[in-house]
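Q: Sequence:
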Amino acid sequence: MEARAYWTVEPGRGEIRTEEIGTPGPGEALVRTTRSGISRGTESLVHRGEVPASVRDLMRAPFQVGDLPGPVKYGYLSVGVVEQLGSGRDASRGADLLGRRVFCLHPHQDAYIVPVQALTPIPDDVPDDRAVLAGAVETALNAVWDAAPRYGDRVAVVG
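Counting from 1, one number per residue, gives the positions in the sequence shown under my numbering.
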């Protein structure tokens, strides 16, 4: 099976590439993307080739292909529907996900195969346009943990 993916090929230039993704193996799922979110700060740096060498390992996305500054397939805000599960010994793993909407920390790609453990089911009452922002919640939570505000501290929320 083929999929289309966005690659930053050099600073300031990206392209859509077609690539072979195969079929899911045991413990894996094929996801068809319905939404792919762009993190304005992080992905702007990646696209411009401006990620400092000192933090490239920290900024590595879970399913990133290639290395910064590029060429690189980057991204981590994906919502899609599980279309197929791998067969074989672990075929029952993730059986409850078949046909479900899921969130995954995957680059911008219209279909992909990942381990079922990488998928988070989306509640029925959460629309795709909101679910795709799940990764941004992690960023906000990390900011709170890093700042370690105490009761009574003044906090500004911007954005």
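It should be emphasised that the hints constitute simulated quantities derived from the structure, not laboratory data. Warning: the hint list may mix true and false statements.
[What the hints assert, rightly or not] Per label pair, the in silico range of CB-to-CB distance:
hint, residue 1, residue 2, range
1, V158, G25, 40 to 46 Å
2, D124, A95, 14 to 20 Å
3, R100, E138, 35 to 41 Å
Please read all numbers here as calculations on a predicted model, not as lab measurements. Ideal Cβ placement from N, Cα and C applies to all residues, glycine included.
Q: None of the hints should be skipped; say for each whether it holds.
A: Tested hints:
1. V158 - G25: 40 to 46 Å: holds (44 Å)
2. D124 - A95: 14 to 20 Å: holds (18 Å)
3. R100 - E138: 35 to 41 Å: The hinted range 35 to 41 Å is violated for R100 and E138, with Cβ atoms some 21 Å apart.
Violated hints amount to a single one, hint 3; each of the other numbered hints is respected by the structure.
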